[in-house]
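Using the sequences and the accompanying hints, generate a full structural model.
There are 2 protein chains.
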Amino acid sequence: MSYRQTADFLLYDWLHVETLQQRARFAEHNRETFDAVLDMCEKLAADKFAPVNRLVDTEEPWFDGEKVHVPEASVAAARAYAESGMLAAAQDYEVGGMQLPCVVEMAAHAFFSKAGIGVGGAGMLTSGNANLLMAHGSELQREVFAKNEFAGRFFGTMCLSEPQAGSSLSDIVTRATPDGDDFERDPLGPRYRLRGNKMWISNGEHELAENIVHPVLAKIPGPDGKLVPGTRGISLFIVPKKLVDTDGQLTGERNDVALAGLNHKLGYRGIPNTLLNFGEGKYPVRGSAGAIGYLVGKPGEGLRCMFHMMNEARIAVGLGATMLGYAGYEASLDYAKNRPQGRPMGPGGKDATQPQIPIIRHADVRRMLLAQKSWCEGALALELYCARLVDEQHTGAPDDAAQAAMLLEMLTPIAKSWPSEWCLEANSLAIQVHGGYGYTRDFPVEQYWRDNRLNMIHEGTHGIQALDLLGRKVVMDGGKGLQLLASRINATIERAMRVPELAGFGNELAAALAEVGRATKAAWATGNPEEALANAVPYLQAFGHTVIAWIWLDVALCAQAGLSQSGADEAALRGKLAACRFFFRHDLPKVAAWLRVVASRDDTCRTMDEAWF
Amino acid sequence: MSYRQTADFLLYDWLHVETLQQRARFAEHNRETFDAVLDMCEKLAADKFAPVNRLVDTEEPWFDGEKVHVPEASVAAARAYAESGMLAAAQDYEVGGMQLPCVVEMAAHAFFSKAGIGVGGAGMLTSGNANLLMAHGSELQREVFAKNEFAGRFFGTMCLSEPQAGSSLSDIVTRATPDGDDFERDPLGPRYRLRGNKMWISNGEHELAENIVHPVLAKIPGPDGKLVPGTRGISLFIVPKKLVDTDGQLTGERNDVALAGLNHKLGYRGIPNTLLNFGEGKYPVRGSAGAIGYLVGKPGEGLRCMFHMMNEARIAVGLGATMLGYAGYEASLDYAKNRPQGRPMGPGGKDATQPQIPIIRHADVRRMLLAQKSWCEGALALELYCARLVDEQHTGAPDDAAQAAMLLEMLTPIAKSWPSEWCLEANSLAIQVHGGYGYTRDFPVEQYWRDNRLNMIHEGTHGIQALDLLGRKVVMDGGKGLQLLASRINATIERAMRVPELAGFGNELAAALAEVGRATKAAWATGNPEEALANAVPYLQAFGHTVIAWIWLDVALCAQAGLSQSGADEAALRGKLAACRFFFRHDLPKVAAWLRVVASRDDTCRTMDEAWF
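These protein sequence lines map, in sequence, to chains R and D. FYI, UniProt numbering numbers position 54 of the first sequence as 54, with every residue one higher than the one before it. FYI, UniProt numbering numbers position 524 of the second sequence as 524, with every residue one higher than the one before it.
Please keep in mind that the hints were generated in silico from the structure rather than gathered at the bench. Heads up, some of the hints might be wrong.
Given that identical chains are not distinguished, each listed pair holds provided it fits within a single copy or across any two copies.
For lysine-lysine, the following DSSO-like pairs were computed, each having C-alpha atoms within a straight-line distance of at most 27 Å [as the list claims (entries may be wrong)]:
id: 1; residue 1: 350; residue 2: 226
id: 2; residue 1: 350; residue 2: 480
id: 3; residue 1: 590; residue 2: 521
id: 4; residue 1: 298; residue 2: 67
id: 5; residue 1: 298; residue 2: 350
id: 6; residue 1: 480; residue 2: 337
id: 7; residue 1: 350; residue 2: 521
In this text, all values refer to a predicted model and were calculated from it rather than measured experimentally.
Structural data, given as structure tokens:
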């Protein structure tokens, strides 16, 4: 099935997103308006993004000492995306948005990720940045910065990491000092001068828009001039590349933000990734060195503000990984249907006098395609489920909203990590289906694989997600989040037990869930984080597979029910059931293997001496 | 441990290769001569290969319409390699060789794979090609072609695949027709004219040597002008790029072999990979179109001749994959020791006022390093074990030689496939250890990962290896090969049972072996190949993990014994024991998960309808 067909099935048949129109915020929406957005994005992605996906990989951004250049086609795609209104799709009508549910917005945005994840400057970053300001900025900051980002006039970044501090944000050393005696009286917010280096900044420098808005994490020194250790000392600032007035018009002053260099990457090459120097004096502004920035929220609350957006950012990363996987699935499915090679395996072997068959008829090629389908569609269902939870959190009844928020907390590490690992593996299988051709740059699959390798790294590495899950999420509120998730999983299992075709999977999922529960307790049995967390990544993997098995079983219940409806697309539904079966037969059994070291608090890695390597 | 330290341990302490000097063929060798070869290769690889590994990736071969250009440094490396004598290292003294044992030759050659797998035109291909002629060529063919390849005057290729026939060699359509009435009287061998296209030919065109020798698989049409279907119709020919006389001197005639184009690959970019047109008339020779080729061996025996070299070629691929993994392990170990980030996980969490620690002190980074060590050193031990079997096959007493040959047949699919999959995974972990830096081209690990992705494809894909293992090897001779392997594994288990530290692993290996045995029987219970082989790849994976667990247990027995010897390098030995423990705790449990679908003859993939995808 194409992505569109699968998305339609998941949105309408499984998640029933049409029912959202019963909520005041979405009252003007219905299936037609949702479909119109999906149609528009599908077409725009096909017209402007897919044709240049290889081009942006080949013609990397380059810096002439002054400006960063990207191919003109990428600029055109960025412009078309901004003009489509998708940057503000989920926003209020009054700020120019469409009040689209998050789940529909993400499903629609996914077309762009599939067509060209590095094309057009990654609109999601600008939306996310503007969302952050909508939540934590002052009224004027929202007006001047966020609205112009939603309108596509300004593009956004996220400036967290520094060359010496990636996973460990508590160690950032970018300093922010008050700018003049009147620093507290600037209408754009308390005004500071920032000095420091920010690393891995996507879209840190380009000519795609009139201005670039950098939200920057920095520390305000104490009275002794020292930085406060840890994350408590971190504040959030808006640092525009070009200064603006209170009407959002450029003042003509260039801020002291300079490109130190471009990172040359394995993939995602369409997006310039930069090292930025803030306040080194390359562009002195208003008479002195130091990048001018405006405080957002209160001092010391920078990380809290930034993490406000983290759940959605991590779902977006997971969905991007998923769509790269999906792109490879579609490409390899097409190849497998059209490439003749080999002959059927009959009881007496093969008959060389017979014509060759398309490789899709070989069981192992089907295995590779079915694994891709199972991983990518399973991941997609999880991402859309999470996006639906975001809508619930924002528009549901108070109890439902609170539950949705808690479930989201639980699922976010999985939504980020699982597709990053398994849709990457799907991309590897897409190469394998192509044989030698897949290893060449004449086919798109090698690029998907390279692009996707980023997703286990950025927005919190696999290791960080694992610590978040086992170290924080499953123990928060005395384990209430885990209990809530388990109750949702058990509800699906109970429904499955009443469906003969799926009851067996219900039992297997129940067993896996029980194993996860036991391993969680065993990991924390000594109460020592060092012991509990030593095998956090295998725990994350087992937990992720259990979650995806649950999602698949829930989707399969929907597909099984659909089979008896008139007008059903039987092949599509059978495909969902087969993909579910594949996951339970081929993948779920790995859960026990991963949990062994967790449940025994195995100390092989923890006690490994540096000298023994 | 560096590769050299590990290789020394495996060669001398584990495999006792010094004892080979008791055999007539190796009588002039001893540890000093072996070490001298290892030293020489280590130095040459460090001097000429490592420094240009990134260069050959960046400056891909290009074709000016006449010649293929590669960087001068790569040409120099090729020349230095040829001059080192390594091309003929394992050959008889009388043909200019060193009569080096295969196991030492492979361990020495591994330095080049680790330093720059795409540098210098892949000498292994030339050696392998010449070995083929030594085994199947006429005396003059050996003299004219093979000897000049060993000397580095000529370079070699292997021309098997065609654009429409990769895995399915029975479908090649390159034709060979007798060249003139006197075709059988050419001193260089029966002379034919070849016409057809050969795809994926490494080093198919270059200027690294005086001439290129192509061994080409082609079909001689029957009296009706038709090609014989299947592999029975395949013959082997030597097709030199430039014709030579019976003294091996160039005659000045260019043969009708033309470069149709270069393949642009994801990795292995230093090696020109080509599509060659044979006999299309671009370079008419001796008055007509058609590439002149000389039959090797008998008509119809081409594939048999070619497969004579396949075991060694597949061990070489496995070793290449291993060394790419090892290169990533060394790089990420170095990075992890030197990159500060984060703080220890104390009972009360982390203390941000403390200085940061090198990331190697985090349990999850140790996990990623230990996984690499466990996979790469385990794979290395298997490859050297297999190479030692080659020596046994060639120089052992008749019974030992026969057993070695049978064990090699059993182990070859694993030696080829296991490192291709798991040392690639190791490369992914090497990237992950580096974080964002690993995703840039400023560090070598992303290239290792790209390079290594080829190894699951060429020399028989994963799927082909799996069919070879479950479809042929485990059932050959009524299962004698499997029994022999099981008896070797059981011997190791028995020794482990007498060592308290390792007895537990012995039990676990015994259980895994029993599961493999049961699954093998269950797969074939209906006798229907279609059912038995539907899950051949999961079987291959489970079998591979069981073999590596056996190898690790055997290595661990050696390390455990070494601990009590005076002067032992305790850290190195503890490291081997920890890597063994890692494999048993983290990896071996996956065997059960893979075998489930095999033992149940699960039909999910086999019965998946094309319309359901």
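Are any of the numbered hints broken by this structure? If so, which, sorted upward?
4 and 6
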